[in-house]
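S.K.: Residue strings, one per chain:
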Amino acid sequence: DVKVTQSSRYLVKRTGEKVFLECVQDMDHENMFWYRQDPGLGLRLIYFSYDVKMKEKGDIPEGYSVSREKKERFSLILESASTNQTSMYLCASSLVQGGTDTQYFGPGTRLTVL
Amino acid sequence: AQSVTQPDIHITVSEGASLELRCNYSYGATPYLFWYVQSPGQGLQLLLKYFSGDTLVQGIKGFEAEFKRSQSSFNLRKPSVHWSDAAEYFCAVGPANAGGTSYGKLTFGQGTILTVHP
Numbered sequence: 057d058v059k060v061t062q063s064s065r066y067l068v069k070r071t072g073e074k075v076f077l078e079c080v081q082d083m084d085h086e087n088m089f090w091y092r093q094d095p096g097l098g099l100r101l102i103y104f105s106y107d108v109k110m111k112e113k114g115d116i117p118e119g120y121s122v123s124r125e126k127k128e129r130f131s132l133i134l135e136s137a138s139t140n141q142t143s144m145y146l147c148a149s150s151l152v153q154g155g156t157d158t159q160y161f162g163p164g165t166r167l168t169v170l
Numbered sequence: 003a004q005s006v007t008q009p010d011i012h013i014t015v016s017e018g019a020s021l022e023l024r025c026n027y028s029y030g031a032t033p034y035l036f037w038y039v040q041s042p043g044q045g046l047q048l049l050l051k052y053f054s055g056d057t058l059v060q061g062i063k064g065f066e067a068e069f070k071r072s073q074s075s076f077n078l079r080k081p082s083v084h085w086s087d088a089a090e091y092f093c094a095v096g097p098a099n100a101g102g103t104s105y106g107k108l109t110f111g112q113g114t115i116l117t118v119h120p
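Chains as they are written, first to last, in this note's numbering: chain A, 57 to 170; chain B, 3 to 120.
If you are wondering where the hints come from, they were derived from the structure by calculation, not from laboratory data.
Computed from a predicted model, the values in this text were never measured in an experiment.
Hints may be right or wrong, so weigh each one.
[Unchecked claim] Have a look at the derived ranges for each label pair, beta carbon to beta carbon: (1) A/V152 to B/A3: 17 to 25 angstroms; (2) A/R100 to B/P42: 17 to 25 angstroms; (3) A/T142 to B/S5: 19 to 27 angstroms; (4) A/R129 to B/Q60: 18 to 26 angstroms; (5) B/Q60 to A/S138: 41 to 49 angstroms; (6) A/R100 to B/T32: 43 to 51 angstroms; (7) B/Q73 to A/K69: 43 to 51 angstroms; (8) B/T14 to A/Q153: 36 to 44 angstroms; (9) B/H12 to A/D82: 34 to 42 angstroms; (10) A/S136 to B/P81: 46 to 54 angstroms.
Just so it is clear, CB atoms sit at the ideal spot from N, CA and C, and this is done for glycine as well.
Kindly generate the complete structure, drawing on both the sequences and the hints.
M.R.: This is the structure:
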């Protein structure tokens with residue numbers, strides 16, 4: 057079974073803090089994704105990566121950056137957290153490089169920015 | 003640009019009743035289609051997917067979905083709902099022939115929350 061893990065289930069940070077969300081997958085998948093999920097808006101893609109050190113902006117990249125130094129790990133960084141970044145963050149991975157494939161999701165990190 | 007609409011934000015059914023969750027998509031070429039389920043506080047789990055072939059797709063937990071190209075729909079069905087099916091359901095669409103700038107990105111609908119009454 058594919059396993060996608062996220063470093064924290066719940067996180068509380070203060071405005072202006074730098075926040076790191078970590079995601080690890082154990083199935084040698086090529087693609088990794090970061091989404092945020094808000095009620096009534098579904099999932100919105102923040103960034104994705106189709107290869108190590110490669111990244112592409114999604115639909116809402118503003119205020120976020122990412123890092124993929126190793127194939128299995130994809131980090132989401134909030135350089136200076138703001139209250140409007142309070143949300144559920146979901147990481148996903150898929151096998152086919154640059155192609156449409158089933159995405160497997162982690163359990164999510166619920167981030168609260170005070 | 004691709005888009006997905008789930009017209010029903012919230013559906014309530016009685017246990018044992020049949021269920022149909024609607025999904026309409028907009029995409030200029032052949033799509034790949036997915037249904038995911040999310041239990042409270044959890045990540046998303048794949049229920050079923052359509053890539054090609056038979057337009058009636060069987061998934062896990064007794065769910066099925068039918069791809070209707072003429073109606074741009076991919077509705078999810080279950081003949082008899084169980085209390086454990088209470089969750090939020092997401093429809094998603096992606097390009098069948100990914101490449102270039104698409105990279106196989108999925109677009110998700112807004113979700114439908116299912117409540118099951120005993």
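S.K.: Next step is simple, just say for each hint if it's right about the structure.
M.R.: Hints and how they fare:
The hinted range of 17 to 25 angstroms is satisfied by A/V152 and B/A3, whose Cβ atoms lie roughly 22 angstroms apart. In this structure, A/R100 and B/P42 meet the distance hint of 17 to 25 angstroms, their C-beta atoms being roughly 20 angstroms apart. Judged by the Cβ atoms, the range 19 to 27 angstroms given for A/T142 and B/S5 holds: they are separated by roughly 26 angstroms. Range check, A/R129 to B/Q60: about 35 angstroms between beta-carbon atoms, so the 18 to 26 angstroms window is missed.
Between B/Q60 and A/S138, the C-beta spacing of about 44 angstroms keeps the proposed range 41 to 49 angstroms intact. In this structure the supplied range 43 to 51 angstroms is violated for A/R100 paired with B/T32, their Cβ-Cβ distance being about 24 angstroms. Taking the beta carbon of each, B/Q73 and A/K69 are about 45 angstroms apart, inside 43 to 51 angstroms as hinted. One distance hint, 36 to 44 angstroms for the beta-carbon pair B/T14 and A/Q153, holds here, with the actual separation near 42 angstroms.
Look at B/H12 against A/D82: about 36 angstroms separates their beta carbons, and that is inside 34 to 42 angstroms. The hinted range of 46 to 54 angstroms is satisfied by A/S136 and B/P81, whose Cβ atoms lie roughly 51 angstroms apart.
Taken one by one, the earlier hints fail for this structure at numbers 4, 6, listed in ascending order.
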